[in-house]
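Undergrad: Listed below, chain by chain, are the residues.
Number of protein chains: 2
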Amino acid sequence: MSTLAIATAREVFDLLRDDLVAIEQELGRDAASSVSTITEIAEYLREGGGKRIRPSLLLLASHMLGFSGPNAIRLGAVVEMVHTATLVHDDIIDGADTRRGRPSANTTWGNEKCVLAGDWLYMQAFKVALEEKNLKVLDLLIGLTQQMVEGELLQIQKLGKAVSEAEYYDLIFRKTACLFSTSMRLGAVLAGATDQQEASVGVYGRAVGLAFQIVDDVLDLTATEEVLGKPVASDLREGKATLAVIHSFDHGTAAERQAIQRVLDDRSFENVSRQQIKDILIRNGSVTYAMSVADRYAEQSRQALKSMPDSDFKRALLWVPDFVVAREK
Amino acid sequence: MSTLAIATAREVFDLLRDDLVAIEQELGRDAASSVSTITEIAEYLREGGGKRIRPSLLLLASHMLGFSGPNAIRLGAVVEMVHTATLVHDDIIDGADTRRGRPSANTTWGNEKCVLAGDWLYMQAFKVALEEKNLKVLDLLIGLTQQMVEGELLQIQKLGKAVSEAEYYDLIFRKTACLFSTSMRLGAVLAGATDQQEASVGVYGRAVGLAFQIVDDVLDLTATEEVLGKPVASDLREGKATLAVIHSFDHGTAAERQAIQRVLDDRSFENVSRQQIKDILIRNGSVTYAMSVADRYAEQSRQALKSMPDSDFKRALLWVPDFVVAREK
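One line per chain: the protein sequences are A and B, in this order. Numbered by this note's numbering, the letters in the first sequence go through residues 924 to 1252 in order. Numbered by this note's numbering, the letters in the second sequence go through residues 924 to 1252 in order.
Honestly, the hints are just simulated from the structure, not real lab data. Fair warning: there could be bad hints in the mix.
Capping the alpha-carbon separation at 30 Å, the derived lysine-lysine pairs in BS3-like fashion look like this [stated by the list, open to error]:
{"#": "1", "chain 1": "B", "residue 1": "Lys1050", "chain 2": "A", "residue 2": "Lys1059"}
{"#": "2", "chain 1": "A", "residue 1": "Lys1059", "chain 2": "B", "residue 2": "Lys1056"}
{"#": "3", "chain 1": "B", "residue 1": "Lys974", "chain 2": "B", "residue 2": "Lys1252"}
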């Protein structure tokens, strides 16, 4: 493969194929509990799939820095379990009916059991991570989880409010970018990387994560209901102001600000329609603005890898931000 | 103090007075988060008090084995935080209105925030424990927490069923005795005790915990509503069969078995009265039986300390099972 070739989704998948198969096996082993309800829920969540982005980042980082081995498989499964645990508790909190096109776990088993299943998944993730016998690994994971839990609570506190841009970045860092960054750093820790290298891949993960969530939030406003699998502008209807909306709120007219605040207050499009909101965003160039910020973070992530040794794994990582920003769902 | 003197509650409290003050301070520090809702909930829980039994066990164990220092304070706070986190999630699951005579956290802040506050407390406990930089400590705590979470789910699975005695002991081990045992073992780990000593104090903690929960469950059947702060036989009405009830179920007549099963099915005393259940328990000597089991565990706990060096701390630990079994609320 030429060092100039830009990776494609296919190439990246090929690079990680064996690892990803091993991760599925590890996740299967880790889903087993002596309590049948837990095994059922954990199996259901595992089978629900997901893109396994976080383990893939961890694997690419560790390979790029020269490490391959079962530890990366194990920790890849760990970051996926932490991710799943947060989803289980978030779905309870949001009263979500579906997840990944299937009934959410809370719909199937009820909130009570799912609170405990989420707890169990956190503990299982830490238990598997303990096998590394590396305090740094646990420190990263526990700090991460606390940041994510605090982020979810911050989001509840700020529901219905037009938050500032700075508050928005803090929220999406905690919600998404923090785990992307930690996954990259864990890959570096496994590879015995220098502090400098670990910091750099951490910056990469943070920037990719921010770009990923910004685009996710833009798609919620611009994609079709068919693509989204849920009504357009659901975030706003739930009282969550995302980057494009914040931009219009900050730069629009008083009337536009009022219209946005009305939807945040009403938690519905009864008094202000989806189309009116879309028109406001277009008039203020807010979607374009949000995408430009995502582009900036994508560029920042590429810059962060500048001093890394060249390899197919590095090229795959350089491809990820392009993919994240260009995706349409 | 004479080596023969039997400790009293006063003496035990005097032995630990400074440590317990320090633990309250540590808990105060540990309750602080950058997210105001978390600090509020954590503070509310901390102020709610509780008997601090688990930190006291940890402190007595570490002192008995020759260790004093800030680490014991820190880990004492940790086991109390783990305990509190389980209570927060359990109260959500049980839909509990009150806890320690005040509105439960879920009544005050709602289930959504309390799911996250519980998560945060678990993570905070692990984070503080990480400061020990001791993998054994984390291993004990994470294993413990998973056992407790599984126990709560097992209890949900078994609601409304007349479980066997063996299932009952497994449930109360997970619910109570496991954390008592871990608190003792953590005290031993801090003191650099031998594996043999750690195992012995672990047996002590398990036995005291089982006795504690058996007596708790008996009091639910025999104390007055005034003392309990809730209606008598609440466990049974919630579908939970405890030791005395299980004994009558296993040894009573077919009609008595039916009456018990009826309450477990109905989750009420509509068709079978509280008095009828009490009569059944008396006829079968079931309360006496349950208390005799508690006595046996109390004795087992004292035996477990046989080879420990004599001290005021050991005498305090020898007093605890007596106190646990003799208490009336």
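Undergrad: For the pair supplied as a hint, A:Lys1059 and B:Lys1056, confirm whether the alpha-carbon distance does not exceed 30 Å.
TA: 10 Å, holds
Undergrad: Between B:Lys974 and B:Lys1252, is the straight-line Cα distance small enough, at 30 Å or below?
TA: 12 Å, holds
Undergrad: Checking one constraint from the list: CA of B:Lys1050 to CA of A:Lys1059, max 30 Å. Satisfied?
TA: 12 Å, holds
Checked against the numbered hints above, the structure breaks none of them.
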